[in-house]
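*Asks:* Residue numbers (the working numbering), protein chains in the order written: chain R, 156 to 372; chain G, 156 to 372.
Quick caveat, the hints were computed from the structure, so don't treat them as lab data. Be aware that one or more of the hints could be misleading.
As the list makes no split between identical chains, a pair holds if one copy fits it or if it spans any two.
DMTMM-like cross-link-like pairs, simulated, lysine to aspartate or glutamate; straight-line CA separation at most 25 Å [unchecked claim]:
#1 Lys324 - Glu303
#2 Lys190 - Glu287
#3 Lys233 - Asp212
#4 Lys243 - Glu214
Protein chains: 2
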Amino acid sequence: MITLYTAPTPNGWKASVALEEMQLPYQVHHVDLHKGQQKESWFKALNPNNRIPVITDHENDDFTLAESGAIMLYLAEKSGKFLPADAKKRHQVTQWLMFQMSGIGPMMGQANVFYRYMDEAIPTAISRYHNECRRLFEVLDSHLADREFLVDDYSIADMANWCWVRTYKWSGVSIEGLEHLRRWKNSIEARSGARRGTEIPYKIVPETLQKAGKTLI
Amino acid sequence: MITLYTAPTPNGWKASVALEEMQLPYQVHHVDLHKGQQKESWFKALNPNNRIPVITDHENDDFTLAESGAIMLYLAEKSGKFLPADAKKRHQVTQWLMFQMSGIGPMMGQANVFYRYMDEAIPTAISRYHNECRRLFEVLDSHLADREFLVDDYSIADMANWCWVRTYKWSGVSIEGLEHLRRWKNSIEARSGARRGTEIPYKIVPETLQKAGKTLI
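Starting from the given sequences, assemble the full structure and let the hints guide the process.
*Replies:* Okay, structure coming up:
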């Protein structure tokens, strides 16, 4: 059994989508970000960076690990799933996982800050992040033009990028004209494991967000 | 022999520091960012994201890999150095490598954009990134309070974070009062392999930058 400390965000979903897709048994501990629980000392002891997700693997001496990208690699090794056995392919999966960790994630995160959360409207910053996200989406789209998934079979690299890309509307980034990206996104959305993972720790109801003038996905 | 496509930036140094520390034979191909060579089609064929560094390993069927974090993991596996054999320790190293990829790197990168490169001064954005970088530095400092390196022995996680942290002045972020971070930074700076790595593809002379009113390190 694994304990997953998480909240309903793209980085949180990366861990729960992986757990669901790999069919690993786990229990969920919801860390309420609105209450600032990620800043409490018990959580800092789990992750000195005060960020979700974190896992504790009770089958492995309560081994505790933070950073969604590291968690995905750990779970893939534990389950033997969604990470190629072939070394070259495995390193290519790591490349596209890193592309999400260093590019898609941080840039969509900054778009969210300036486009969604900040009271002050700073057009230069908003357009900077919208442009950069669109550029990264185009990189994915081109790469997916002649392949079904990022590296051969569906892998943790696809899960990681998809957990962010699916929230493109929330970030205010268009996917218009990116038909390969859309096809790839839809094909992952159709997977029941991936979909279940995005309902952890609870299902976000789009209608609720729309009422608040917001559209998440 | 490995070919390293790189430029004098923290992400570029992550690859050259790793190569130097691991004593792997390599040749350097300087990608001139000022001339926009990273946008040329020959380079896009190596990395669809148009970003340095990229390696091609001629001892492994010309296997080509991008993303500095993925490159460091590849080189550590190839050389058998700076990545623990113990699985738990190895995953902890991956966690701190991901901390750099998703936190230190992107946030210092954004600080550089708003503090150094943008003509328009946007105080809200500058202070946002300075505060976030300082917070991340404090996470490193606390973690290093009772250990010499991030995870047991010196590893690729130390190299990765150090390549960015050492440029704190350029990003305009203070390390005042962070004595554990400073001790760690100085101890890596004292390593000849690490230092040689930061002089690839050429040595940046601080005096030149100071003349231009800039201080890199």
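*Asks:* Quick check: which numbered hints come out false for this structure?
*Replies:* Violated hints: none at all, because every hint is consistent with the structure.
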